[in-house]
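We have chain G; now place chain F onto it with these hints.
Below are the chains, spelled out letter by letter.
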Amino acid sequence: GAGVSQSPSNKVTEKGKDVELRCDPISGHTALYWYRQSLGQGLEFLIYFQGNSAPDKSGLPSDRFSAERTGGSVSTLTIQRTQQEDSAVYLCASSFDRTSETQYFGPGTRLLVL
Amino acid sequence: AQSVSQHNHHVILSEAASLELGCNYSYGGTVNLFWYVQYPGQHLQLLLKYFSGDPLVKGIKGFEAEFIKSKFSFNLRKPSVQWSDTAEYFCAVVGFTGGGNKLTFGTGTQLKVEL
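Here the protein sequences come in this chain order: G and F.
Plus 248 on top of the position in the first sequence (first one is 1) and you've got this note's numbering.
Plus 10 on top of the position in the second sequence (first one is 1) and you've got this note's numbering.
One chain only, chain G, in its complex shape (with noise of 0.2 Å):
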């Protein structure tokens, strides 16, 4: 089956504008999750959802970025009014359920904030 998929691969925005990224899970998976990877930061989890329970929101790291999984399977993450240092490989996740240990990653959104 696919793998976990993710749109637009690249992005290129002006600093101040919103942007969307998208992620659809592998089928079946109910455990999706968003990371980050910035050039010298390494990967850093931002949020994390599991079926209809409340997501985690601990990795975010400021009030203008967030997350919706609508019917438990398609994700967006929104980041309002871009900033330079935004700009990062965001990488969604997937998993089977919230005990599994493995998760599948998608190819990510490059995203440039200029």
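Just so you know, these hints were derived from the structure itself, not from any lab.
Check the hints yourself; a few may be wrong.
To give an idea of the interface, some chain G residues facing chain F are shown, with a C-beta separation under 10 Å as derived from the structure [claimed, not checked]:
(1) ALA250
(2) VAL252
(3) SER255
Chain G stretches covered by chain F per the calculated footprint, using a threshold of three residues with CB under 8 Å from any CB of chain F [as the list claims (entries may be wrong)]:
(4) 289-301
(5) 353-359
Listing some non-contacts, in silico: residues in chain G with all C-beta distances to chain F over 12 Å [claimed, not checked]:
(6) LYS259
(7) VAL260
(8) GLU262
(9) SER275
(10) PRO309
(11) SER310
(12) SER314
(13) GLY319
(14) GLY320
(15) SER321
(16) VAL322
(17) THR326
(18) GLN328
(19) LEU339
The beta carbon of each residue, even a glycine, is placed where N, CA and C say it ideally should be.
Positioned in the frame of chain G, the structure of chain F alone reads:
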């Protein structure tokens, strides 16, 4: 809070050389440990994982890692590297606090294997 340290940021080896990449984690409880690999232009993918049992785990492509609980370490090894092993390698840990499998990653090690 859990954290992961990878000591080698850039490693350059010749083909057939042996590889060991260091990984230490900080977490007081039960952990699951992972190595992920990102080949140039490809997704992050799981190389190997440890969550219980034999502390020496074997992964894909001849890689193995040893969990040494007393040293909080999970070093990655391969006896003889190939040019195709050129990639970035990430160590990651999940600590069981009931908050789901939030991976905490190290900063990664860029491995370049020269012919």
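Cross-check of the supplied hints:
For G/ALA250, the shortest C-beta to C-beta distance to chain F is roughly 13 Å, which exceeds 10 Å, and the interface hint is violated. Checking G/VAL252 against chain F: minimum C-beta separation of about 8 Å stays under 10 Å; hint holds. At its closest, the beta carbon of G/SER255 sits 14 Å from a beta carbon of chain F; the interface hint therefore is violated under the 10 Å criterion. Judged by the Cβ-Cβ criterion of 8 Å, the stretch 289-301 of chain G is covered by chain F as claimed, because 7 of its residues qualify and three suffice.
Here the stretch 353-359 of chain G counts 4 residues with a CB under 8 Å from a CB of chain F, which clears the bar of 3, and the coverage holds. At roughly 18 Å, the least C-beta separation between G/LYS259 and chain F is larger than 12 Å, which holds for a residue marked as non-interface. The beta carbon of G/VAL260 sits about 19 Å from the closest Cβ of chain F, which is more than 12 Å, so the claim that it is off the interface holds. No Cβ of chain F comes within 12 Å of the Cβ of G/GLU262; the nearest lies about 27 Å off, and the non-interface call holds.
The non-interface label for G/SER275 is consistent with chain F: the shortest C-beta to C-beta separation is roughly 17 Å, beyond 12 Å. No beta-carbon of chain F comes within 12 Å of the beta-carbon of G/PRO309; the shortest separation is about 15 Å. The claim that G/SER310 is not at the interface with chain F holds, since no C-beta of that chain comes within 12 Å of its own (minimum 19 Å). With a cut of 12 Å on Cβ distances, G/SER314 stays outside the contact zone with chain F, its closest approach being about 18 Å.
For G/GLY319, the condition that its CB be more than 12 Å from all CB atoms of chain F holds, with the nearest at approximately 19 Å. At roughly 15 Å, the least C-beta separation between G/GLY320 and chain F is larger than 12 Å, which holds for a residue marked as non-interface. Consistency note on G/SER321: stated as away from chain F, and its beta-carbon is indeed over 12 Å from all of that chain's, at 17 Å minimum. Listed as outside the interface, G/VAL322 is consistent with that label: its C-beta sits roughly 18 Å from the nearest C-beta of chain F, beyond the 12 Å cut-off.
Listed as a non-interface residue, G/THR326 keeps its Cβ farther than 12 Å from every Cβ of chain F; the least gap is roughly 20 Å. Every Cβ of chain F is farther than 12 Å from the Cβ of G/GLN328; the closest lies at roughly 24 Å, confirming the non-interface assignment. Not every Cβ of chain F is farther than 12 Å from the Cβ of G/LEU339; the closest lies at roughly 7 Å, contradicting the non-interface assignment.
Hint check: violations occur at hints 1, 3, 19; the rest are consistent with the structure.
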